[in-house]
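K.L.:
Whenever a hint applies, use it, and build me the whole structure from the sequences.
Protein chains in written order, with my numbering: chain B, 1 to 325; chain H, 1 to 656.
Do not rely on the hints blindly, as some may be mistaken.
Pairs of lysine to any residue, SDA-like flavour, derived with a Cα cap of 25 Å [stated by the list, open to error]:
id, chain 1, residue 1, chain 2, residue 2
1, B, Lys287, H, Thr514
2, H, Lys639, B, Ile315
3, B, Lys287, H, Leu400
4, B, Lys287, H, Asp518
5, B, Lys262, H, Asp608
6, B, Lys287, H, Glu505
Since the hints were derived computationally from the structure, they do not count as laboratory data.
Here is how the chains run, residue by residue.
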Amino acid sequence: MSEKKKIGFYWTGSCGGCQVSILDIDEMLLDVAEQAEIVFWPCAMDPKYEDVKAMDENEIDIMFINGAIRLDENKEMVELLREKTKEVVSYGSCACNGGVFGLGNLSSKDELLEKGYTNKTTDQGPFPQKITEVEEGELELAEMLDHIKPLDEHIDVEYYLPGCPPLPTQLEDALPALLDDEIEVEERDLITDKSVCDPCPMEREEKEIERLIPIQEATDIDPDECLLDQGILCMGPATAGMCEAPCTEVGHPCVGCNGPVKGVEDQGSRMASALASVMGIEGEENKTEEEVMETMNSVRDPTGSFYMFSLPSSIMQFRRDDIDE
Amino acid sequence: MSGIGVFICHCGSNIAGTVDVDELTEYASDLNGVTFATNYKYMCSDPGQELIKDSVEEQDLDSVVVAACSPRMHEETFQAVVEDAGLNPYRFQMANIREQCSWVHSDDMEKATEKAKHLVEMSVEKSRLSEDLEKTEVDVNSDALVIGGGIAGIQSALDLADQGKKVYLVEREPSIGGKMAQLDKTFPTLDCSSCILTPKMTDVARNPNIELLTYSEVEEVDGSVGDFEVKVKKKATYVDWDKCTACGDCAEACRRSGNVEDEFNEGLDNRGAIYTPFPQAVPAAYTIDSEVCISLEYDGTCTSCREVCELDAIDLDDEDEIVELNVGSIIVATGYDLMDPEKIYEYGYGKSKDIITNLELERIIDASGPTDGEIHRLSDGEDVESVTFILCVGSRDEELQSYCCRIGCMGALKHVHLLRDHLDEDVDINICYTDIRSFGKGYEEFYRRTRDLDVNFVRGRPSEVNVQEEKVELNVFDTTMDKLLQVESDLVVLVPALLPSEGTEELSRQLRITRSSDGFLQEAHPKLRPMDTFTNGIFIAGCCQGPKDIPDSVSQASGAAAKASTILSKDKLQSEATIASIDDDICSGCKMCISVCPYDAIEYNEEDEVAEITDVLCMGCGSCASLCPTGAIEHKGFKDEMLEAMIDAGLTEEEG
Ligand SMILES: Cc1cc2nc3c(=O)[nH]c(=O)nc-3n(C[C@H](O)[C@H](O)[C@H](O)COP(=O)(O)OP(=O)(O)OC[C@H]3O[C@@H](n4cnc5c(N)ncnc54)[C@H](O)[C@@H]3O)c2cc1C
Ligand code: SF4
Ligand code: SF4
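P.N.:
Below, the structure written as C-alpha cells:
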C-alpha cells in the first residue's frame, strides 16, 4: 500500500460546528485514520505555530480549512498552511462564502467593535487593541480585518465543501474521493448543479406568491406543500442541494447554508430576482403602487434572508462606505 | 487568421459629426479578436453592404460588428448581409453609437468618442463569445378552428374558408348566429338584423370548407401554434341531423310543448322539449333538450314526436361524442352575456314583468318575436303610454363593471326609433343616461336624428325603481336641470352591462390565454396587436375581447382571420433562434419560471421533474433566464457570459 496521506483540519473564525461535523462521521474516522495520518488538528491536538512553520513545503497532502477569515491572524495562518499543503479544501459555509459571520460586512469594523465592547448590554470592559502595555511588557492581540472575504480570496483553494456545517453524508462522500488518487477530479466536485428543490419532497405548484409570511406567524402549514407556495421564504430554489433537503423535509424552510448552486455567483440576487418575478404576479398589471409596495415589504430583512451565508462571496461583498459618502 | 470585423458607420454626419470615427476605427482595430476595422459613410447603403460582404471574404472574417444606429432599425438588414456573405446571421452584433451616443452627446465630441469606444468594445466582447444559432422549424397544419358562432365567429370562418382553408366552427348552442340573431334592427342604419345575418349563416352551412360543429364545446386543447390538438364534445341532440328537414311536426306533437322557457326569446315565451332556437337556425334541424324530455327521463315512455316524424329522424340512443381535431390556428369568438340586472336590487328587475332588459325589448319589437312585434304592457296587456330607458345598469360603475358597454347608448337610441314606429306618437319616451356615447361612423348623426323624435333625455342615474299598482315609478335626479324627477312608466327598459360569456374563464385556461382584469380575453397589445393573444397562433375576435358593436366585431373578425391565415398559409413555421432553453441537468424543478413566461412557453415535465420550453412558443423575451435561481436557463445569443463580458468592457476605465 502506498504511503498514508497526511491530512489536517484547521479552523479560523467559526462557531465550532464544522469541527463537530468531522466527528459526526463516527466510525468512518477510523477508516480515515487507516488511510491517512492526521498531522495537524488544533481542535484535537495541540500543535504550535512554530511546528507548522518548520514543516516542508507541500508536506501536508490535504488541508481542510473552515471558518471565516475575521482576524489578521486567521489570514496569516491560512497563508502559511497554503505553503505547506498540496490541496486545500474550503470546508463549511464560512470558508466558502463567508457564512453567517459575513453579515458583519453590513457594518464597518469600528461599528462592530463598538457594538461588541461598549454596548450597554455588555460589560464596559477594555476595548481590544493590537498592542497593550502591561507591567510585564507588551501584549499583542490579533486584529480584526475590515471585511470578511471567502477563503479563496486569500489563498488558492482546490475543493469546496460548503454547508453549515457540512452534513456527515457529504463528508462521507467527499473523504474517500479526496483520499483516493484513482478518482477523477470531477468526482471530487462537491457542490451540486441542482438546487435543494431537486431532492425536496414537497409538492409544488407554478409560483404565484401573493406575499411572504414570517414563519413565526404562519399557522396551518401544510407539511406536504412547498413552503414558498405557502408564502414562507425558503431559500431552496437558489441553494445547492447536496444536503438532500433535510430541513424542508421536516417542514423548516431552507435558509441557504450551502450557498449557490455550481456556476452561480450570487445566491442572494438570484433568489431575489426569482422571487421578485413571481411575487404578486396575479393581476399585476392592475396593481397600485401601494399594493406593489405591500407585496415588497412582506419580504422582511431581505439582505439577512437572501444572503445569510453568502454576503462576502456576492457581488455586493460588503457595505461600501465610500459609495455612501 | 479569421477574426472579427468592425464596421463603423458615419450615418452622414449623424454619427461622424459627433464621434471621431477615425479614432474609433483605430481603437477598434486593436481590440481583442478584431482583425479588421473600417468606417464608411452609410453602412446600410448598397455600397456599404457590399463593403461588409467583400470584407468577410477578403479578410476571412468569422464575425461582424457594425457600429451604427439602433438594432431596431437595421439589425435585420445586416444579419441578411452577413448571411449572404456565408456566415451565420447570429455572428453579427450591432453597437448602437447613434441613438445611444452621438444623438445624445452632440455637445461633447471627446466624451462621445470615448463612449462609442466602450459601446464598440462591448459588442466585440459579445461577438467573441457568439456562436452559430439555428432556427427550429415545425410543420403547420393548414386547418383552423373558430370557437363561437356569433357574427364574429361567422365572419372569421367565412373569410378563412374563402381563402381555401378548412375551418371547424364550434358553437355551443344548437344554431349559430349569436346575439345578432336575437336583434330586430341594427343601428345606425336600422337594417333588419336577420336580413343581413341569415345570408351569412346559410353561407356557412353551404361552404364546403366549413365543418360546423354546433351544440358542441371545446373539451381539451394541447399542442401549440401550427399543430394544436383539440378535443370537442358534440352533445347528443337525439335527432339525426342528416335526416331532419326541420319540418317542425315533432315540436307541435311534443307533450312538453309550451312548458320550457324559450332562451332565444329571453324567456318571454315557451317552447317544448324538442325545438329549434329560431326559424332561420343553421343548421336547420331540431334538438331534444335532454333535461326536459319525458322519454329521456322515463326511458322512452313518451312516443309523441317519434310517432309524427315521417323521416324517422329521432334517435333517443344518441350519445355525446368526442371529436378530435388538428388545427394550425385558433380564433376565439365567444362573445358576451348581459349582466343579470337583479344584481342591482333597486332597479326592481324580476319584481314586475314591465321591467325588462334591452335584449327582451329586441325580441318584443321583432315581428316574429313572442308578441309578433306588438308592444303592450307585459303585466296586463294594456297600452303603453310611457317608456323609460335606464342606461349604464352596472356599467361605468366602480362597484360592478367599471367599463362602458359601448352599445347601450346606441342601442337605446335605436329603440327610440323603433318604438316611434310601433307606438302612438304621444307616448312618452325617457332616457336616463350618464353620457350619450355615439362615437362610431354615422353614430353622432343618428343621435341627432333621435333627438328630433321627441325624447326626454334625463342626465342622471335613477336611485330607485318602484312597482306601483299600475305603473312603474322611478326617481331620478337630473343633474342638468338640478332637479329630482319622478317618472311613471308602463315599460322600464334596463340596459345592463356586458360581461364575458359564461365559461370564458375556463376556456381561457384550456387555451392558455390570458384575461384582462375585466374578465374579457386579453389582446397582446391594446393598440398594435388587438387580435393577437400572448399565445402564438390563438387570436380573438368580437365581444369576447371586450364590448363592441357589430361593425367592430366584424372588422376584428376579418382581422383575426387574416392573422390566422398568415400562419396557416405557411408550410413550416420558424421559431426565433434567440430563444431560451433549459438545461435539464441543472433545472431542479422549482417551478419558479413557469408563471413568469408571458407566452406560456414553459411547461413542467412531471416525469423528469424539470421545466421545459416549447421552442415555437418562446419569443425570446428573456424573463425566465434572468429569473432561474439555478442558472439552468440560457437565453441563446444573450448568455450570462456574454452579458458579463459586455458589462466588464463597458465599465473598464480609460488608462491615464
Ligand atoms: C340589446 C342589444 C342591442 C344591440 N344592437 C346592436 C345594433 O343595433 N348594432 C350593433 O352594431 N350592435 C348591436 N349590439 C351588439 C351586438 O350584439 C354585438 O356586437 C355582437 O353580437 C357581437 O358578436 P360576437 O360574435 O362577438 O358575440 P355573440 O353574438 O355573443 O356570439 C358569441 C357566440 O359564441 C357562442 N359561445 C359562447 N361561448 C362559447 C363556447 N365556450 N364554446 C362555443 N361557443 C360559445 C355563443 O353561443 C354565441 O353564439 C346590440 C347588443 C345588445 C345587447
Ligand atoms: S426556474 Fe430554473 S430551476 Fe426552477 S423550474 Fe425553471 S428552469 Fe428549473
Ligand atoms: S425567454 Fe421569455 S418567452 Fe422564452 S420561455 Fe423564457 S419567459 Fe418564455
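K.L.:
Decide, hint by hint, whether the structure agrees.
P.N.:
Hint-by-hint comparison with the structure:
no.: 1; hint: Lys287/B to Thr514/H; verdict: holds, 16 Å
no.: 2; hint: Lys639/H to Ile315/B; verdict: holds, 18 Å
no.: 3; hint: Lys287/B to Leu400/H; verdict: holds, 18 Å
no.: 4; hint: Lys287/B to Asp518/H; verdict: holds, 14 Å
no.: 5; hint: Lys262/B to Asp608/H; verdict: holds, 21 Å
no.: 6; hint: Lys287/B to Glu505/H; verdict: holds, 20 Å
Going down the numbered hints, you'll see the structure goes against none, and every one checks out.
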